[in-house]
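Peer 1: This is what each chain is made of:
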Amino acid sequence: MEARKIAVSTVPELHADAGSTIAPRATEGRVQQRDWVRWAFLLPTVLLLFVITIYPMLNSLWSSLHYYNLLAPDDIRFVGLGNYVDLLRNDPTFWAVMEITFIYTIGVVAIQFIVGLGMALLLDRSMRGISLIRTLIIIPILISPVVVGLTWRYMYEPWGVINYVLGKFGVAPIEWVSSPVFALPSIMIVDIWQWTPFVVLVLLAGLQSIPREVVEAAALDGLKSWQYFTRILWPLLRPVALIVLLIRTMDAIKVFDTVYVLTRGGPGTATYVASMYNYVLFFGNYQVGYAAAMSYIILIIVNVFAIALIFALSERRVREEVSAEEVDIAQVAAADPAPAAI
Amino acid sequence: MQRGGTPSWAKWIGNAAVIIIVLIWLFPVYWIVATSLKKTGDIVNPVPKFLFFDPTLDNYRTIFGPTYTFADVVLNSFIVAVCVTALVILLAIPAAYSLARWQTKGSERIAMWILSLRMLPPVAVVIPYYVLATRLQLIDTYTVLIIVHMAFGLPFAVWLMRGFFAEIPRELDQAAMLDGYSYLAVLRKIIIPLATPSIAVTAIFTFIFSWNEFLLALLLTDTNAVTVPVQISKMILAYQVLWGELSAAGVIALLPLLFVVFALQRYIVRGLTLGAVK
Numbered sequence: 001m002e003a004r005k006i007a008v009s010t011v012p013e014l015h016a017d018a019g020s021t022i023a024p025r026a027t028e029g030r031v032q033q034r035d036w037v038r039w040a041f042l043l044p045t046v047l048l049l050f051v052i053t054i055y056p057m058l059n060s061l062w063s064s065l066h067y068y069n070l071l072a073p074d075d076i077r078f079v080g081l082g083n084y085v086d087l088l089r090n091d092p093t094f095w096a097v098m099e100i101t102f103i104y105t106i107g108v109v110a111i112q113f114i115v116g117l118g119m120a121l122l123l124d125r126s127m128r129g130i131s132l133i134r135t136l137i138i139i140p141i142l143i144s145p146v147v148v149g150l151t152w153r154y155m156y157e158p159w160g161v162i163n164y165v166l167g168k169f170g171v172a173p174i175e176w177v178s179s180p181v182f183a184l185p186s187i188m189i190v191d192i193w194q195w196t197p198f199v200v201l202v203l204l205a206g207l208q209s210i211p212r213e214v215v216e217a218a219a220l221d222g223l224k225s226w227q228y229f230t231r232i233l234w235p236l237l238r239p240v241a242l243i244v245l246l247i248r249t250m251d252a253i254k255v256f257d258t259v260y261v262l263t264r265g266g267p268g269t270a271t272y273v274a275s276m277y278n279y280v281l282f283f284g285n286y287q288v289g290y291a292a293a294m295s296y297i298i299l300i301i302v303n304v305f306a307i308a309l310i311f312a313l314s315e316r317r318v319r320e321e322v323s324a325e326e327v328d329i330a331q332v333a334a335a336d337p338a339p340a341a342i
Numbered sequence: 343m344q345r346g347g348t349p350s351w352a353k354w355i356g357n358a359a360v361i362i363i364v365l366i367w368l369f370p371v372y373w374i375v376a377t378s379l380k381k382t383g384d385i386v387n388p389v390p391k392f393l394f395f396d397p398t399l400d401n402y403r404t405i406f407g408p409t410y411t412f413a414d415v416v417l418n419s420f421i422v423a424v425c426v427t428a429l430v431i432l433l434a435i436p437a438a439y440s441l442a443r444w445q446t447k448g449s450e451r452i453a454m455w456i457l458s459l460r461m462l463p464p465v466a467v468v469i470p471y472y473v474l475a476t477r478l479q480l481i482d483t484y485t486v487l488i489i490v491h492m493a494f495g496l497p498f499a500v501w502l503m504r505g506f507f508a509e510i511p512r513e514l515d516q517a518a519m520l521d522g523y524s525y526l527a528v529l530r531k532i533i534i535p536l537a538t539p540s541i542a543v544t545a546i547f548t549f550i551f552s553w554n555e556f557l558l559a560l561l562l563t564d565t566n567a568v569t570v571p572v573q574i575s576k577m578i579l580a581y582q583v584l585w586g587e588l589s590a591a592g593v594i595a596l597l598p599l600l601f602v603v604f605a606l607q608r609y610i611v612r613g614l615t616l617g618a619v620k
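Respectively, the protein sequence lines represent chains A and B. Its first residue numbered 1, the first sequence is counted upward by one per residue in our numbering. Its first residue numbered 343, the second sequence is counted upward by one per residue in our numbering.
Simulated from the structure, these hints should not be mistaken for laboratory data. Computed from a predicted structure; not experimentally measured. There's no promise every hint is true.
[What the hints assert, rightly or not] Over 10 Å on every C-beta distance to chain A, these chain B residues come out as not near it, computed from the model:
1. 350
2. 351
3. 397
4. 514
5. 539
6. 564
[Unchecked claim] Only part of the chain B face toward chain A is listed, based on derived beta-carbon distances under 10 Å:
7. 370
8. 464
9. 555
Where a beta carbon is used, it is the ideal one built from N, C-alpha and C, also for glycine.
Using the sequences plus the hints, can you model the full thing?
Peer 2: Right, dumping it as structure tokens:
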């Protein structure tokens with residue numbers, strides 16, 4: 001007993017001693033080490049990323065301001081914004097490509113969102129094997145878009161399995177990827193198949209983070225399903241929904257792989273999306289400057305959504321921090337008996 | 343979450359709907375695996391054989407045979423993906439730790455800049471890569487593929503691991519430092535052991551990204567460093583009737599992913615949304 005008392009009493013003294021003499025110098029040293037180490041840890045990554053992303057982007061920007069064709073490598077001329085003006089003013093293909101990309105993006109993202117929301121609500125249930133099902137639907141997301149394209153191209157064959165099944169319902173065979181009418185819907189279906197599970201997973205995570213008390217309170221209030229959705233679920237899901245919509249929009253604008261494998265932009269220009277056109281400008285026509293300008297236009301459009309996403313992400317982080325603080329305050333309040341006494 | 347008061351017949355219809363939708367959704371995956379195991383006669387049969395067919399490994403033998411030399415291509419993909427993953431993780435761990443522990447305005451800006459690189463459309467940088475790689479005679483080498491894949495893998499890994507590291511209580515670092523640990527020792531002896539599962543998840547994501555990546559690999563390779571997706575795209579264009587062989591190649595490409603999907607399940611949403619949804 002005596003020994004313990006002594007031990008207890010000496011410890012604060014030791015600490016007080018350390019606090020008064022040793023600690024300031026130690027923290028000072030640590031602060032110096034801190035700053036030095038902090039940058040040493042970060043520098044290799046920042047430097048490497050700078051070299052392998054900023055340099056190519058600046059190089060591309062430079063190309064986009066020049067007339068530069070690989071077939072005439074000696075004839076490189078500064079043309080200012082000439083390439084951009086040509087694209088926007090004098091290139092009917094550019095606008096056709098933009099229209100197709102726009103239709104593709106809007107169609108794909110809207111359908112993915114609606115179907116994904118429906119599936120998320122359906123999968124948000126307790127049932128045997130539900131976690132296996134939630135795992136299985138991840139598979140399409142992880143498959144290389146090239147393999148996805150290959151699989152669907154085989155199924156889209158005029159004699160393929162899709163037409164066979166449709167035939168059972170009395171639908172005449174459809175020329176999926178080779179008809180101007182169905183080619184664009186064909187590649188959209190592929191995107192919808194691959195990425196709807198992603199929307200499902202994200203919305204499902206959002207649904208499951210809704211506190212049980214909220215759900216129970218809503219059930220007690222006797223809300224009808226529709227009211228329950230519009231008043232309870234949707235307001236809580238909206239931030240997550242915004243993030244998933246932005247991510248999907250950016251990816252849809254950039255689409256290339258499945259188009260390359262399924263249609264190569266054809267037939268004619270039916271599926272000529274922006275990245276495909278950019279690819280052809282460079283690797284078909286060797287127009288380095290013109291292609292660089294095109295890639296910058298795509299970059300700017302994607303960046304609008306990227307910036308929106310970054311804002312959405314950082315706002316979410318801030319909100320998480322705030323809500324964490326609120327929880328802390330609540331816990332402190334709950335632990336403190338005084339307010340209850342009053 | 344199940345709302346109270348749902349009648350049991352409605353529950354059963356819901357359960358049945360879930361199973362039917364998932365089966366239909368996964369049909370294409372089943373179909374390519376089944377096709378890869380079919381004989382040519384069954385593949386081109388206008389009446390598809392859904393379940394009962396004579397399985398064969400002929401298609402796999404063909405693609406790994408002397409004509410297609412698919413083994414070389416798989417090896418290329420594997421080497422590139424492993425190197426990318428190793429380098430990315432090596433660089434990303436200290437960077438992510440730095441960004442997770444010292445959250446000043448400056449490092450927050452760097453973090454956002456790194457995140458914005460993740461969203462870069464590949465078409466925006468592929469032209470200068472191509473021009474530069476040609477000039478340096480790096481076209482069609484592992485080196486160029488590894489470098490460009492790192493440009494996209496590294497921002498992702500840093501961002502994701504920063505989130506994971508930030509969840510490790512700072513008190514652990516501080517306690518270790520009172521014991522005289524340096525920052526490097528804290529990272530090696532405390533952070534890395536504690537974060538091993540999340541580092542593994544990040545590594546798997548990076549590997550899959552590199553394994554699946556198509557546009558950059560298509561443009562920067564020719565014959566020596568061709569990766570699996572590029573080879574498949576070439577096979578589609580050159581021999582588009584050989585669906586058996588193509589399906590076998592496709593199955594090889596998706597095999598590693600089927601292995602990891604169960605390991606990843608818990609983290610996949612987080613990875614794909616860059617940590618926004620946990």
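Peer 1: Now look at each hint and say whether the structure bears it out.
Peer 2: Quick rundown of the hints versus the structure:
1. Distance check on residue 350 of chain B: its Cβ is at least 12 Å (rounded) from any Cβ of chain A, clearing the 10 Å threshold; non-interface status holds.
2. Here residue 351 of chain B stays apart from chain A, with its beta-carbon at least about 14 Å from theirs, past the 10 Å limit.
3. For residue 397 of chain B, the condition that its CB be more than 10 Å from all CB atoms of chain A holds, with the nearest at approximately 18 Å.
4. Annotated as non-interface, residue 514 of chain B keeps its C-beta farther than 10 Å from every C-beta of chain A; the closest such distance is 16 Å.
5. No Cβ of chain A approaches the Cβ of residue 539 of chain B within 10 Å, the least distance being about 17 Å, so the stated non-interface status holds.
6. Distance check for residue 564 of chain B against chain A: the nearest CB is about 12 Å away, which clears 10 Å, and the non-interface claim stands.
7. Against a cut-off of 10 Å between C-beta atoms, the interface hint on residue 370 of chain B holds, since the closest Cβ of chain A lies about 5 Å away.
8. Here the hint on residue 464 of chain B is kept, as its CB sits about 7 Å from the closest CB of chain A, short of 10 Å.
9. About 8 Å separates the beta-carbon of residue 555 of chain B from the nearest beta-carbon of chain A, less than 10 Å, and the hint is met.
In summary, this structure violates none of the numbered hints.
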